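Single-letter residue listing:
Number of protein chains: 2
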Amino acid sequence: MVDTSLSPAAVEGGILDEDRDHVTDGIRIDVEELSEKMLGSWPEQRRAARRLTARPEFHRIEGQSLEEYRDTVFGQLKLLVENGQVHRAFPKQLGGMEDHGGNIAGFEELVTADPSLQIKSGVQWGLFGAAVLHLGTREHHERFLPGIMSLETPGAFAMTEIGHGSDVASIATTATYDAETEEFVIHTPIRAAWKDYIGNAAVHGKAAAVFAQLITNGVNHGVHCFYVPIRDDDGFLPGVGGEDDGIKGGLNGIDNGRLHFTNVRIPRSNLLNRYGNVDADGTYSSPIASPGRRFFTMLGTLVQGRVSLDGAAVLASAVGLQIAITYASQRRQFNAASDVQEEVILDYQRHQRRLLPKLATTYAQTFAHDELLVKFDGVFSGKRDTDDDRQDLETLAAALKSLSTWHALDVLQEAREACGGAGFLAENRLTSLRADLDVYVTFEGDNNVLLQLVGKRLLGDYGKRFKDADATTLARFAAEQARGKVVNGTGLRSLAQTVADFGSTARSVGRLQDEQAQRELLTDRVESMIGTIAGRLRAASKLSKAEAAALFNQNQNELIEAAIAHAELLQWEAFTEALSTISDPATKKVLTWLRDLFGFGLVEKHLAWYLIHGRLSGQRAQSVTAYIDRLLARLRPHAVDLVDAFGYTQAHLRAPIASGIETERQEEAAAYLADLRASGNAPVDEKATKSTFDALNHPKKSRK
Amino acid sequence: MVDTSLSPAAVEGGILDEDRDHVTDGIRIDVEELSEKMLGSWPEQRRAARRLTARPEFHRIEGQSLEEYRDTVFGQLKLLVENGQVHRAFPKQLGGMEDHGGNIAGFEELVTADPSLQIKSGVQWGLFGAAVLHLGTREHHERFLPGIMSLETPGAFAMTEIGHGSDVASIATTATYDAETEEFVIHTPIRAAWKDYIGNAAVHGKAAAVFAQLITNGVNHGVHCFYVPIRDDDGFLPGVGGEDDGIKGGLNGIDNGRLHFTNVRIPRSNLLNRYGNVDADGTYSSPIASPGRRFFTMLGTLVQGRVSLDGAAVLASAVGLQIAITYASQRRQFNAASDVQEEVILDYQRHQRRLLPKLATTYAQTFAHDELLVKFDGVFSGKRDTDDDRQDLETLAAALKSLSTWHALDVLQEAREACGGAGFLAENRLTSLRADLDVYVTFEGDNNVLLQLVGKRLLGDYGKRFKDADATTLARFAAEQARGKVVNGTGLRSLAQTVADFGSTARSVGRLQDEQAQRELLTDRVESMIGTIAGRLRAASKLSKAEAAALFNQNQNELIEAAIAHAELLQWEAFTEALSTISDPATKKVLTWLRDLFGFGLVEKHLAWYLIHGRLSGQRAQSVTAYIDRLLARLRPHAVDLVDAFGYTQAHLRAPIASGIETERQEEAAAYLADLRASGNAPVDEKATKSTFDALNHPKKSRK
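Protein chains in written order, with the working numbering: chain U, 235 to 938; chain F, 235 to 938.
Excised from the complex, chain U in its bound form (with noise of 0.2 Å):
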């Protein structure tokens, strides 16, 4: 069937090209310093990894069989090893170079040669190898970690059972412990136990870093890591079997599989031991006495997943919106305003209106995301590593995951609908990365679990605060709140503020573009949104399990969303927070504007909570989506130098319709057109016979 599409949005308006410095006032960003700014805290590793990234043999080949693809992204592995891309965090004796947020952010770059690399990489490096960094001990790292980091033993990472998804406390595979030979049994009862969805099970995992039910003595200490061979050069070991997942909605280029266990025997010396060991007698030791947090600290250590997914996603939203963006930029489709010319279709408002704020969301992504990284980092290298440094740290990346996972879906569908059928053509690129990025979504934690982590912090957050608070302690907080600044990394926001400075906010609104408005806003709706959910939760101690809950699930929905507004005031202070770093006074009044869009784009999409709740007049209401048009045309001249920011080449983008070949055509045609204007050959409109015609017989409606 036919695509009679390729246009966005059909009329009138516009700038023209020659009226672009006119438009602009003259203003113009400093693209260079912008990319440097955008290029986050490690830029060397990033562009280290964009000039590998831009490399003709790490990109991905469309087409390929499914045998052909994941051998590809395996042979790509060995390149990066050989590259020495991979190895930034693992220890100095080893030869890595312990650089945590530097090993982070040229990961996430290989994103743009292929989804397929990246997540492999991440299995093999991130994953497996990073298990046993940090769940084992030196002996484990000296004896497992030279084969994990030179690629001589892929391995994968056996977490996830079919029975158990996100809910990775109860998986029912087990390692009992066998006093008699010092041996773990590693053991798969149900079929619901099955580990599935594992990368490198299906071929070419060697090994694996399972998560099991750990027993002695009788006792299940909770989930434990276990090293276990699974296959050698003739297939899978004695006791280890397993399926294919065959083909996925995405990442085709990793042969993800299912592995299960019967009675396989390993070492007692296999236990990753650093939070949990088995002597040769049975008995169990822990450095952590609670089995729930000695769990929670376990799977703390494997936090970067979540991080480098939210940095991914960002970059692969980039990559879109600088295709997308400009190859409107060039297009031009029905001519309204004028007869000779058609419009450039992002001067029509519509076409604006969907790509300009996912524009100013990247930016807000990027800035927040590399304040993840920056937290990350302190984390991981020790410099500031506290409990409530762990804590953020999770609830951060949780967070902002989940907000930039989603986000680069609708960036990329968008995209590839503004871009028509050339946007449905693999060879453009929007389509493939939208499918590999898919299961970004679910993977290392579903959204909609993590939002609910986050919504769960803030109530805790809520009630430390406020235990035994009565309404005048309340109303104390409020109005020391309302003088200060934001209290908290990541955890709840000066709280109740609003109590006392509700009035100001709604007056100081009417300048709209006041930073502290902004804030005051979207602080506000977060924190009233959790003070009303713990309110009516605070019945739940009362009530039975099972009433409390009921009484939990009734608000389940409304505390994933109070998780989002959090998420997304976050992502607005890192931008803010940006804005005070840019030097360059046009780039700052863009930026500024972008920023804004992004602000008062939040307000707009909760604007229903805002007039409810009595922060905005029906008046103030109407004037945000007004002020957003205005936005919208401003930022129009900058879109382009926005999108370059991102710093990504041709050999990075890889899209034709982002070559400049859709200007030549244009040129191609006018060229054309004039011609034969010229030649005095060109066949005469029908419609201007019969004006002539209708002139003279219908004087008056001719002239419309």
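Simulated from the structure, these hints should not be mistaken for laboratory data.
A quick note: this is a predicted structure, and the numbers were derived from the prediction, not measured.
Using N, Cα and C, we set each Cβ at its ideal position, and we do this for glycine too.
Incorrect hints may have been included.
Stated by the list, open to error - Taking lysine-lysine and the DSBU-like style, the derived pairs with C-alpha atoms no more than 35 Å apart in a straight line are:
#1 Lys823(U) - Lys839(F)
#2 Lys690(F) - Lys839(U)
#3 Lys690(U) - Lys924(F)
#4 Lys690(U) - Lys839(F)
#5 Lys779(U) - Lys779(F)
#6 Lys924(F) - Lys617(U)
#7 Lys271(U) - Lys312(U)
#8 Lys839(U) - Lys839(F)
#9 Lys617(F) - Lys921(U)
#10 Lys924(F) - Lys779(U)
#11 Lys921(U) - Lys698(F)
#12 Lys924(F) - Lys698(U)
#13 Lys698(U) - Lys921(F)
#14 Lys921(U) - Lys776(F)
#15 Lys690(F) - Lys921(U)
#16 Lys924(U) - Lys698(F)
#17 Lys924(F) - Lys776(U)
#18 Lys779(U) - Lys698(F)
#19 Lys921(F) - Lys617(U)
#20 Lys779(F) - Lys823(U)
Said to hold, decoys possible - Taking beta-carbon pairs under 7 Å as the criterion, some of the chain F residues facing chain U (in silico):
#21 Glu296
#22 Arg587
#23 Leu841
#24 Tyr906
We have chain U already, so just place chain F on it with the hints.
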């Protein structure tokens, strides 16, 4: 990287299976009656098509190479011919049945076998064949249709050009008449005029319906359609060239490609001349004097493409929901309410929020589509074929196709996420369906462009009704409308009704379940938005073309939003109309809740508008969300019945996760745990040993 998801949302609440009857208060949908209803006005044709699509030889085979896949689908097209599935719309004297509605109903059903099969057969018979049928005359029918119907002549529909997607009127391919040889010369003067995204163009097409500017005697008479042979068994014919579009984001069973023509000569008689003819001497004549009207009439005959995409999109949504809701009703994750058994994930409020409103929308779209199909059949059978009918049909098709194709993408994505990692496996069909449906939102008219057409129609209706109206006229009209029913099939609704009964709207919404209140809220919004935009555009008549275009552009986004509001209202009315035809009281009750969920979902989505414009108070607005939450809980026990009523069997769903294996796994796991407990060999939980310890040392804490 591992998928730690599979679950949607993590905590408590819920309905146990055994409680189901209690919770439903004994009400149970009559699935059989409802299924029949859902089949719409051509149930026999749908049933016949479903018998066919249940057969394995029509099913998509995942993992084929591009070439194999294209061959498979081409072979399936031959099977369709053999099974008499595709000739219903053709003339009786040529072996057809002249059954237009039934033809489309059956055609749509192919989507569950494979969207590539649907669209490739749409290219052959719905576009290429329909162009000959509707734009050609008897001589063309006899000469070309037999080969088209039998698939002896696979053909392409060569309308879209690289340089002009949705703007068909501006295509640049020319067909210049040469009176000396009585031939048309088909020519592609520039790269931008290459036909692109053309199904059957890359490999299988032997001929094409080529759209080109008809030029004779120095006058361009606008776009006409020509029958052009393009290929024999040895490849392209002289002067014809092309390229393969290669891999696409979906629909890879179809060989889309590009075509170009270098002075290709075809006989005069190959002009499909129903709406425009050229005599031997080059004299042009047409039964439609106005070139603009002629163009829209010709394109209007091809509306069935949009009609069928609407229907196919709704069926794809149904399949996605049946898979996700079936799985969600079996899968369990996290135990909060009970220590013994985990929660069924569809009992989580968030999971209900994610799926059930989409189910309500899919029902509304099912009923709306049937109305569209009836209208289509009326026009194409000649039973109801006035100019107004045709215009209504086009507006309705544009409005419904836009919303249902976007909805299908949303549904399939949400369904895939709701099924977690399992949803990402190709075997569970959600990702492939989504990839294939992606292009439905831009082909046969980009959704944004189509919605703008709808918006312009609404503005036109407004203009006609209030031409030269003064305030008194408006008020009188409003008062008249207030007591009447909605006026126009698909055009603008009882405009300005709210001027009169705004007060009563605000009051009547108190009874949230009141049908009339929902209708008024939805109608009011469309009318007010269009009225506002019309008011702003009034100045345009006094402006220059460029200024008028700029003014329109400033309102473009809002106009498209108004068109969406209009389409939503049409869907709501179709759902409401369908309710009145259901006889079983329990079914009617449950479906009324579902309709309310749809209606109040729309009100909630646009809540800010209702608040800003004083249609709802803040308090009432809050109760909208509360009421939706109540409806979700009420509908939950009926969710499986509601998806079963779509009427698809496992042969249509073909998703292992929806086959019952999840229940088997749950039962195996429960039996294993029960056996383990009974054996006395179950390991003790470390927490249990700890809490004894804690109870001794911290008696207060341990009670929590």
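Taking the hints in turn, this is what the structure says about them:
Proximity of Lys823(U) to Lys839(F) is assessed by CA-CA distance (about 33 Å); at most 35 Å being required, the pair is judged to hold. For the suggested pair Lys690(F) and Lys839(U), the alpha carbons sit about 26 Å apart, so the restraint of at most 35 Å is met. For the suggested pair Lys690(U) and Lys924(F), the alpha carbons sit about 25 Å apart, so the restraint of at most 35 Å is met. For the suggested pair Lys690(U) and Lys839(F), the alpha carbons sit about 26 Å apart, so the restraint of at most 35 Å is met.
For the suggested pair Lys779(U) and Lys779(F), the alpha carbons sit about 69 Å apart, so the restraint of at most 35 Å is broken. For the given pair, Lys924(F) sits about 33 Å from Lys617(U) by alpha-carbon distance, which is consistent with the 35 Å threshold. For the suggested pair Lys271(U) and Lys312(U), the alpha carbons sit about 32 Å apart, so the restraint of at most 35 Å is met. A C-alpha spacing of about 10 Å is found between Lys839(U) and Lys839(F), which places the hinted pair at or below 35 Å, so the restraint holds.
Restraint check for Lys617(F) and Lys921(U): satisfied, since their Cα atoms lie roughly 33 Å apart, inside the 35 Å limit. At most 35 Å may separate the alpha-carbon atoms for a hinted pair to count; Lys924(F) and Lys779(U) meet this at roughly 21 Å. Of the supplied pair hints, the one linking Lys921(U) and Lys698(F) holds, its CA atoms being roughly 25 Å apart against a limit of 35 Å. For the hint pairing Lys924(F) with Lys698(U), the CA-to-CA distance comes to about 25 Å; that is within 35 Å, so the pair holds.
With a C-alpha separation of about 25 Å, the suggested pair Lys698(U) and Lys921(F) falls inside the 35 Å cut-off, and the hint holds. Between Lys921(U) and Lys776(F) the alpha-carbon distance is near 23 Å, which keeps this suggested pair within the 35 Å criterion. Using a Cα cut-off of 35 Å, the hinted pair Lys690(F) and Lys921(U) holds, with the two alpha carbons roughly 22 Å apart. A distance of roughly 25 Å separates the Cα atoms of Lys924(U) and Lys698(F); the hinted pair therefore holds under the 35 Å criterion.
Restraint check for Lys924(F) and Lys776(U): satisfied, since their Cα atoms lie roughly 24 Å apart, inside the 35 Å limit. A threshold of 35 Å between alpha carbons decides the hint, and for Lys779(U) with Lys698(F) the separation of about 64 Å lies outside it, so the pair is violated. Between Lys921(F) and Lys617(U) the alpha-carbon distance is near 33 Å, which keeps this suggested pair within the 35 Å criterion. With a C-alpha separation of about 33 Å, the suggested pair Lys779(F) and Lys823(U) falls inside the 35 Å cut-off, and the hint holds.
Residue-level restraint check for Glu296(F) holds (minimum Cβ-Cβ distance to chain U is 5 Å; threshold 7 Å). The interface hint given for Arg587(F) is met, as the beta carbon of that residue sits about 5 Å from the closest beta carbon of chain U, less than 7 Å. Evaluation of the Leu841(F) hint against chain U yields a held restraint, the C-beta minimum of about 4 Å falling below 7 Å. Among the interface hints, the one on Tyr906(F) holds; its C-beta lies about 5 Å from the nearest C-beta in chain U, closer than the 7 Å criterion.
Consistency with the previously given hints fails for numbers 5, 18, ordered from lowest to highest.
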